[in-house]
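All chains, please: the whole structure from these sequences, using the hints.
These are the residues of each chain, in order.
Protein chains: 2
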Amino acid sequence: MVERVIATSSFKAAAQSLRADHERFVDEIIRITQTPSPPFGEAERGRLVAQMMRDSGFRSVSIDEVGNVIGLRPGRDARLPPLVVAAHLDTVFPKGTDVTVKREGTKLRAPGIGDDSRGVATLLVLARAMDKAGIQTDRDVLFVGNVGEEGPGDLRGMRHLFSTNARARAAAGFISIDSSGSGGIVTRGVGSNRYHIVFSGPGGHSYDKFGIVNPMVPLAKTVTGLYQIAVPATPKVTYSASVVGGGTSVNTIPPQVFLDVDMRSISPEEVARVDAELRAIAQKAVDEENAARSTARGKVSVDFQVIGKRPAGHTDETKGIAAIAFGTAEAFGYEGRFIEVSTDANVPMSLGIPAITIGSGGTGGAEHSPDEWIDVALEPSVKGLTVDLATIIAAAGAKP
Amino acid sequence: MVERVIATSSFKAAAQSLRADHERFVDEIIRITQTPSPPFGEAERGRLVAQMMRDSGFRSVSIDEVGNVIGLRPGRDARLPPLVVAAHLDTVFPKGTDVTVKREGTKLRAPGIGDDSRGVATLLVLARAMDKAGIQTDRDVLFVGNVGEEGPGDLRGMRHLFSTNARARAAAGFISIDSSGSGGIVTRGVGSNRYHIVFSGPGGHSYDKFGIVNPMVPLAKTVTGLYQIAVPATPKVTYSASVVGGGTSVNTIPPQVFLDVDMRSISPEEVARVDAELRAIAQKAVDEENAARSTARGKVSVDFQVIGKRPAGHTDETKGIAAIAFGTAEAFGYEGRFIEVSTDANVPMSLGIPAITIGSGGTGGAEHSPDEWIDVALEPSVKGLTVDLATIIAAAGAKP
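Chains as they are written, first to last, in the UniProt record's numbering: chain A, 1 to 400; chain B, 1 to 400.
Derived by calculation from the structure, the hints in this document are not laboratory data.
Careful, some of the hints might be misleading.
Identical chains share a label here; the pair holds if one copy fits it or two copies do between them.
[Said to hold, decoys possible] With a straight-line Cα cutoff of 30 Å, these simulated DSSO-like cross-link-like pairs (lysine-lysine) come out:
#1 K102 to K236
#2 K309 to K209
#3 K107 to K309
#4 K209 to K236
#5 K107 to K383
#6 K284 to K209
#7 K102 to K319
#8 K132 to K383
#9 K12 to K132
#10 K399 to K209
#11 K299 to K236
So this is what it looks like as structure tokens:
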């Protein structure tokens, strides 16, 4: 299927126009990057991208309730389930971060430039290339600049899209374009549960009130219990007691302490198992503390506060959209490889929609650091975009 | 002995002059209070008190290397071991605290006014009363306004005095005048060891690096191990896992976490036992973690950082200085009672010097809070000062 797409004269024309349009593509990457987009602060970048979509020829552009920017590119048959192609608007960088792009030759350096300004600009340049070459896909393609991919966002853009947008919910496939590079195809979405676990008690003076319950003890037992949970080699399951805090002074039995825990797997069953075990361990530790020491001034208790819940899921690597992406990468000389990580594709995967995350081409690095960079040297950049173009056209279906 | 002192005409004259001098006493309390004296910032108050000592008739006043203000009142025989009478210059209140004294009738309200401005002013008013009445003690009396009594100071004023001042080191007795009230006599100095225990490891991504050692685990085992240490009913021994912290984000295995621990007893042996057990528990927990998980990226380790070490000690309650203070309080109608707590007297107690801490008389409350207050109503205030006067004269020895 991929070979058939690549061989068409219209595809060749589209690929050619990517080259002609490359300077505008780079300019759009810079403009997007220089519009700050911290977690839960994506609105300004969203408005810019909506305008860029209109300027790129989209006739239907909308911004939904949470800030996802949706541009519809109609296919031949509006009754077919559409393809959703997304790139995320948000960065990991807080408000006030200097997002000025520094250029050294073909190397551009700025926070968020690769993850995911280049991905968002890729949506635009690909749509224009298809228009220029007169390519009409069988299915509608919903191009989405979405919010909430990074940590604190907890995939809220995708959650909202797939729970409220009927066309997205019925999608035949999903492609997220995230970060630089070509050949890597995320097919296994690592799911995670993340908790801020608060242990509370009466607290009191360390000498005068010695003998009363201390919430530090059940916290400690929860950590040791967690690290005794056995995990299988496959599917991979992980947990981490990551952040801890609380207490008022060295001579005070703490009234409150907390523990932040992360657990992950591509298997939803394994995440659920570790989750249930952890809750049981924490409750048992609390009960033991209330039995071991005085509760005259009050008991200890535990409260699990959810700080993240990403659904796990996976996409069949032997057929459909994953096989298309793999074949396209290999056809252009990239080494295809399947990756397991947490991305926006987790959400459609968990709903049974074939979903992958692929790169936007070119090279880049130091993501999530102030030194983040991409290289926009013409040949590798255009070649990477061409791979994504072929993948989307093949996934959306097109007459030769 | 106490009765004999009280019965002398010179004592009666001295007591009478306390009444006549009371207005100046109150004025000095206010001036001392309004000169800020945060932990490690006692110099300005120290200079004021040195000047007040000179104005009160002390001929030999010095300030030592750490800021203790020492006024010598010579006795009959300079070869006798002296009596040390101290009150502390420092307050718990940080730099910038409003220390303006607010007056409502005989009630004065300001941070530190009772703990221990009134105690420091007591040194001055008592020395003047003894001078006025022509009382010459057998022993020299070293009046000391000392630094570092409160938490962070960790008794550094007393430590310095008793380790570097040969006359203090040879003292026959020690009296600290600390806070308001009469009748309470601290004879049991609660000692404490306080640690900031840092657990370190390589750290890494919670999913990618799962399986490496996590310093949170030995921290947790140290807490659970500490809370399994059995303690006797007498002497009282306490411990507290009080403050905890560390970690960078929920999806990062922490490179470092810490635990602040407090342990106390009037028995130095018990503090040493808990201390040794805790160190063994922490080391065993670290060794177990290095054996249980991968150390390919580095091992976990533990570092005990001392944040406080107050020596324990006690003073015989049946004779000497404690019995004198008890007898004096009862002679003036106060209920004598022996108290166990940590004060400046811990240091001389730990060196075998009979040492007590008593109140400066009057009433007061809300110490260590911005609402701290004392009442300087004439009768109870003078009566409390008279008790301290009798105690000091009896302890320093005086001919009738």
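We went through each hint and held it up to the structure:
no. : hint         : verdict
1   : K102 to K236 : neither (40 Å within a copy, 66 Å between copies)
2   : K309 to K209 : between (39 Å within a copy, 20 Å between copies)
3   : K107 to K309 : neither (36 Å within a copy, 57 Å between copies)
4   : K209 to K236 : between (45 Å within a copy, 12 Å between copies)
5   : K107 to K383 : within (17 Å within a copy, 84 Å between copies)
6   : K284 to K209 : both (24 Å within a copy, 29 Å between copies)
7   : K102 to K319 : neither (42 Å within a copy, 81 Å between copies)
8   : K132 to K383 : within (18 Å within a copy, 101 Å between copies)
9   : K12 to K132  : within (11 Å within a copy, 111 Å between copies)
10  : K399 to K209 : neither (80 Å within a copy, 46 Å between copies)
11  : K299 to K236 : between (38 Å within a copy, 23 Å between copies)
Of the numbered hints stated above, those contradicted by the structure are hints 1, 3, 7 and 10, listed in ascending order.
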